[in-house]
Amino acid sequence: MSRPSLALLLAGASAVLLIGLADTQGPGAAMIARLQAAARASLDHDGAQSISVRFTDDHGWPTRHPTLAGGERLDDATRAQAAADVAALPGVGGVRWAPRASGHQSAASTSAAALGCQHSVEGILRTRSIRFTEGSAAIDPASGELLNEVATALRPCVGSIIAITGHTNAQGDEAINLALSAERAVAVRDALASRGIDMAGLRAKGVGSERGVSGLDPADPANRRIEFSVLAPASLEPTPVDTPGAG
Amino acid sequence: MPFWLEIEVLLLLTYATGVALGWLLWGRAPRKPHIGE
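Heads up: the sequence lines are chains A and B, in that order. This note's numbering numbers the first residue of the first sequence as 914 and each following residue consecutively. This note's numbering numbers the first residue of the second sequence as 1015 and each following residue consecutively.
If you are wondering where the hints come from, they were derived from the structure by calculation, not from laboratory data. Just so it is clear, CB atoms sit at the ideal spot from N, CA and C, and this is done for glycine as well. Heads up, none of these hints are tricks.
Going by beta-carbon spacing under 10 Å, a handful of chain A positions derived as facing chain B:
1) Ala-926
2) Val-929
3) Ile-932
4) Thr-969
5) Trp-974
6) Gly-1006
Listed next, with one range per pair, are the computed distances between beta-carbon atoms:
7) B:Thr-1028 with A:Gly-1004: 11 to 21 Å
8) B:Thr-1031 with A:Pro-1003: 19 to 29 Å
9) B:Gly-1032 with A:Ala-1135: 53 to 63 Å
10) A:Arg-1108 with B:Gly-1041: 49 to 59 Å
11) A:Asp-988 with B:Leu-1026: 37 to 47 Å
12) A:Gly-1036 with B:Leu-1027: 31 to 41 Å
13) A:Ala-1135 with B:Thr-1028: 46 to 56 Å
14) B:Gly-1041 with A:Leu-930: 15 to 25 Å
15) A:Leu-1144 with B:Leu-1035: 51 to 61 Å
16) B:Leu-1035 with A:Leu-930: 18 to 28 Å
Here chain B stands alone, though its shape is the one from the complex:
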């Protein structure tokens, strides 16, 4: 496997993990209802 592909796969996996973790921790939180809703 060429070196650039190893780096890209690792970085993209790390990025995807970070995005997934962020979504799990904060992305799913219910929005605060607006006043009057």
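With the rest of the complex left out, here is chain A:
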């Protein structure tokens, strides 16, 4: 590209940058003010007067992605509805909640995180399953990679109680099935522990064939499976050391 046309290109880009900046100062600021007023009206309409809405980001810049704060006394359904209504306003981007003043993670967000982990694990295991050697609790070496993925998905939930449940199909003696499903759940627990998941939060249990997959014949081999459920922990009181900015 010749020198004059490159200079022209850069001049054009600079002009665009300047126009953009000027636009955010004048009409942009007016638009954000309009969004702020609409969000306030929406919150008041939802009976969430105690929730404040701020259309600036952490650095004080105006943004279309508001931060909601307060409203701790409101129930979760009202808070969720209020946030959804603000997010649905035309022009508003994603809504987020400011961390609670005390620095605690709210019960709602903890259980949301637990649900998130569970969904990712279920997503991983939807099409593939952890395989065992026939009639034994030894994990098939080919499932190692899958266990790595499960461990990675569970890592954000360390601190939660993670229940590992082994299931078998209804073929064979139920007592043996029960023992085998428990041994397999323990094998998965140990495999996850060896991948860095805290053993203290893992609970392994076998239920034999009593909880088959709904819609499947109890004898169907597809009933043999390992299920994970992530349970939100009893709220732990953070020490000041755990809370950034505290003290």
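Once you have looked at the hints, place chain B on chain A.
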């Protein structure tokens, strides 16, 4: 994302698309040979 960054990214992408389109449509056309070339 702050609002100014959203606007800048959008405008610059539009500008770059316009420049690319202009170059594709007209910039690549061969120059007419000068008489005598």
